[in-house]
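Taken in order, these protein sequences are the chains called A and V.
Numbered by the working numbering, the letters in the first sequence go through residues 9 to 262 in order.
Numbered by the working numbering, the letters in the second sequence go through residues 435 to 855 in order.
Simulated from the structure, these hints should not be mistaken for lab results.
Yeah, the Cβ is synthetic: ideal placement off N, Cα and C, and Gly gets one too.
Heads up, a few of these hints could be off.
Unchecked claim - Here are the simulated PhoX-like cross-link-like pairs (lysine-lysine), alpha carbons at most 25 Å apart as the crow flies:
1. V:Lys-740 / A:Lys-40
2. V:Lys-656 / V:Lys-537
3. A:Lys-57 / V:Lys-496
4. A:Lys-57 / V:Lys-740
5. V:Lys-656 / V:Lys-626
6. V:Lys-826 / V:Lys-804
7. V:Lys-853 / A:Lys-57
8. V:Lys-795 / V:Lys-826
9. V:Lys-656 / A:Lys-57
10. V:Lys-753 / V:Lys-740
11. V:Lys-753 / V:Lys-795
12. V:Lys-825 / A:Lys-57
13. V:Lys-753 / A:Lys-57
14. V:Lys-812 / V:Lys-826
15. V:Lys-813 / V:Lys-825
16. V:Lys-810 / V:Lys-503
17. V:Lys-804 / V:Lys-853
18. V:Lys-531 / V:Lys-456
19. V:Lys-675 / V:Lys-626
20. V:Lys-825 / V:Lys-812
21. V:Lys-740 / V:Lys-675
22. V:Lys-810 / A:Lys-57
23. V:Lys-528 / A:Lys-57
24. A:Lys-57 / V:Lys-626
What the hints assert, rightly or not - The following label-pair restraints were derived from C-beta to C-beta distances:
25. A:Thr-41 / V:Thr-844: 39 to 47 Å
26. A:Thr-41 / V:Glu-678: 43 to 51 Å
27. V:Asp-493 / A:Asp-56: 21 to 29 Å
28. A:Asp-56 / V:Pro-511: 41 to 49 Å
29. A:Thr-41 / V:Lys-853: 30 to 38 Å
30. A:Asp-56 / V:Arg-782: 37 to 45 Å
Unchecked claim - What the simulated footprint calls covered on chain V by chain A, stretch by stretch (three residues with Cβ under 8 Å from a Cβ of chain A suffice, anywhere in the stretch; the number is not a length):
31. 631 to 644
32. 689 to 699
33. 734 to 748
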Amino acid sequence: LNYEIILSIKATLKNQSGLKYVSWIFESEAQKTCYLQERQQMLRLCLDKLHDSRMPSLHRSVLLANTMRHIQREMTQEKGDPPAYLCSTTIPHSQVFTPLCTPEPQIQSLDCIPTLSDMDQGYVDLTCSRCAEEVEMEIDVSFFPSAFATSSSSTPFTDSSLLGLTSLLEAGNTLGYLTDLSLDDIFEDIDTSMFDSSEAASIRTCVLCSVSHLLAGDEETKVLSDCPSTSPLQCSHNDFNDLDHIMEVLVGLV
Amino acid sequence: MADIISTVEFNYSGELLATGDKGGRVVIFQREQESKNRPLSRGEYNVYSTFQSHEPEFDYLKSLEIEEKINKIRWLPQQNAAHFLLSTNDKTIKLWKISERDKRAEGYNLKDEDGRLRDPFRISTLRVPVLMPMDLMVEASPRRIFANAHTYHINSISVNSDHETYLSADDLRINLWHLEITDRSFNIVDIKPANMEELTEVITAAECHPHQCNVFVYSSSKGTIRLCDMRAAALCDRHSKFFEEPEDPSSRSFFSEIISSISDVKFSHSGRYMMTRDYLSVKVWDLNMENRPVETYQVHEYLRSKLCSLYENDCIFDKFECCWNGSDSAIMTGSYNNFFRMFDRNTRRDITLEASRENSKPRATLKPRKVCTGGKRKKDEISVDSLDFNKKILHTAWHPKENVIAVAATNNLYIFQDKMN
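Okay, chain V solo, but in the shape it has when bound:
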């Protein structure tokens, strides 16, 4: 039974797509090789492996249940035939090895083909086992378990460009791990105040720089981003750069702080820019300019007048993610009513599409959608009041090289490709 998808991530080549769900399961899809026999199935994604990554746990000391929901999956760059990924729930990070087995050894001396032990005294000759082909089997095995390092809920993990270390961030702390060492991690950011009553800000997301292995950023619930250099100090409590856009005083409301909370931060592939997602907009920042973003894209500005009701039904706390395309020329993020938005940074064009079964048949082209904000509603437009706020697209992913996108709509995964002529 399909569970609510909680994370989506392509691997470095785009050949594999991993999803994690609320039930602690990971499902990996693999792209079919293009073949002349089936020209129409250009690169379809089929299920490659499914495994249970995390189980629900109970913290006896605090009488609290630890959810098995997978918060994030991050792939490691491929170094051999096997694939490695990190998956995390609120408390524990696991390194999984996914490997293929398509051969089996047959002809053992001490046991039969069905596994029964042979009586050693009956063996008169020795034989060398031979490798025989078998049906492809994909196995997932946990290789490392990184536990007990986070008091608060883990919201991010990010593999470093050195391919040896990675960081994990919770509400108040960020830890640096070595992939080989599970019994200790290095705390690099700690914003927990001495007196918890003074707490006014939490960490919401963190990411390593794609090329500079000493640089990382973390975003906060107050709409700020801090860039830190691990070479500067052991504890990176003092940032190297501080990114914040000054607030427009005329738009201040009760909800100003809540909607300024950053839900996701992503470096561009080039490493020169980073993108942040807050409740109503996506902002692109130039790492060399701290006082304001270079680009701002309104995702669903028509919701600004509805903030009161969105606050009542808790939707205002939804955490949307965002992603870059392979060339950093476009960005994508989700919205409500199963809508997701794509912005072309060069042409400044944007499009709203819908991920739903009713409106899309396989091979059909997605029709652009439009939300009517007031006045007369045109045909095919949807009015703001008829949007379904239970259908939210929080997680999207873009293939690192091609125009293939993965969109998670509650418990359904949609994969869309560029139409080839």
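Bound-form chain A, shown alone:
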């Protein structure tokens, strides 16, 4: 793999909340696609390497986690306040807009929302941020079997946060990615969570889940191999059957 990114200007922009963030301004579509692909690849590699227990090293894990956090921050900044270049284009399938695990869905198709099968191979047209948010929500709906504590009719946005499968769907997490989270907090604001941007701050990331377990133990190797929460990440490459296993384990945790 040999990517070369030629970027023109890097600008400091302000999103609607007044937070400064740095964004890339691309000269051409090809550049942007290339950049997004590389970023995606980087993220995937980060996850793979974090799970590689052959070389346990706190130093290495911290560097990987920081890199991953940086990429996620960049992704959520883009999503939360889409800059001009993002609004009018079709971008390749990116993990920003899908959960890491892509199960067989029963998604209600709305007009502007593609089916998951589209997302699997093709392109997501995100011409408006509203669409994007709806996509997120729809994805969450079908995820969780009834074994899970909450009812399926309730807003599943927070449900998914428990599993951490919507790590990359966060918008404007101002508290940082590794904030502590109690189950009670999640259930309290169930109704308004998808509309209230501050709620996003309490959502735990999938990465957080794995990284926190990674770093929680004194010796990360052992923890990594035993921690069931890391399996949601692994299932990104597995099929839907593994999701059942994950659910069982996590319910056991809860």
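Given chain A, work out where chain V should sit, using these hints.
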């Protein structure tokens, strides 16, 4: 069978050179005395002593194996005929005494020469044992074992200028030891957050100041160095000085943080400067200036465009060391393809040399190497794409007084000397 060398260190006089390897062994070389009989063997290094310093251990509580790999060796200043060194693996530091024995007592009363006990009733006369010369034997014995003080992996040890204490650093903590006391150490730095999920930075290296016994520095994975004064507080969590070069925003990439992680920090012999090694460069800092280094040397800038592949094959996490020469006028560090680099601080000249058997015969002069970064490759140049990233020189050492260097290339040790006319 030779194992991968994991540390190289000259002692204070340069007479001895110690290497530690991945198998937990320490091999010490001694410089031959120059003699008129063999003028050509000016100061060759021969094996002096070999011993097993650390064995693999198993932590039953965490179900983890503790590697026997020697991470660092540091010599103590010589105080008597014996030599002392500290060697450490991930968890345990050991003080070894290396002593010579060239005499043997003969003529004991109660036992024969072969050790068998003599029947006391048969002894009719008493004799005084006499010391007889014997073949030189070099013995290594562990004198102190400093264990159970580090939860995380030890990356550095450094002997203090008071010659009584030393520090040991792991990913999150630094401890101060007294050489005589093994059952307790004093924690002087602790960067472990209350909530481990908030951890974003680890300690990568630490060293005591060469003259001021109250001063030490430690580097971090974020490219910063903190200088601490032990007189200021018992726990040196607040630094006295904080060294960080502001990041160039135009060169920011996904890899910026990883390549800024400092892999080694070394004070100059004078104590006025310190040198740090990150993935692509070596920086010299004036201890009186915290906001930027005074000198920056690019080790292998041609790798900047290859960071993606170096990240994939994990080479980006390689930890290179660096060292000063005796007069602080030159610095040396390793690279890939068995290349190592030397920079002259005064003339600003630099040279790339190769440590390999094919390219160097004994007594031959090393030929400077050059990496071709683009365009037409000249004869004898090597293109970036044909570099062997498995041949990495992570550990080098410079004789404290002379121009003699030791370079560890995987499982081979090369010793080079200045050519005498």
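Check the hint pairing V:Lys-810 with A:Lys-57 against an upper bound of 25 Å on the C-alpha distance. 37 Å, violated
Please work out if V:Lys-753 and V:Lys-740 have their alpha carbons no farther apart than 25 Å. 17 Å, holds
Could one say that the CB atoms of A:Thr-41 and V:Glu-678 fall in the range 43 to 51 Å? 35 Å, violated
Against the 25 Å threshold, does the CA-CA distance of A:Lys-57 and V:Lys-626 hold or violate the hint? 23 Å, holds
Hint consistency between V:Lys-675 and V:Lys-626 [alpha-carbon to alpha-carbon, up to 25 Å]: 20 Å, holds
Is it true that the C-beta distance of A:Asp-56 to V:Pro-511 lies inside 41 to 49 Å, as the hint says? Since the Cβ atoms of A:Asp-56 and V:Pro-511 sit about 47 Å apart, the hinted range of 41 to 49 Å holds.
Hint says 30 to 38 Å; check whether the CB-CB distance for A:Thr-41 and V:Lys-853 agrees. 56 Å, violated
Take the stretch 734 to 748 of chain V, compare each residue's beta carbon with every beta carbon of chain A, and decide whether three or more fall closer than 8 Å. holds (count 6)
So if I understand the rule, the pair passes when the alpha-carbon distance is 25 Å or less; does V:Lys-826 with V:Lys-804 pass? 16 Å, holds
Pair hint V:Lys-753 and V:Lys-795, alpha-carbon separation not exceeding 25 Å: 29 Å, violated
Hint check: V:Lys-740 vs A:Lys-40, CA-CA at most 25 Å. Holds or violated? 20 Å, holds
Is V:Lys-853 close enough to A:Lys-57, meaning Cα to Cα at most 25 Å? 46 Å, violated
Hint violations for this structure: numbers 2, 7, 11, 16, 21, 22, 23, 26, 29, all remaining hints satisfied.
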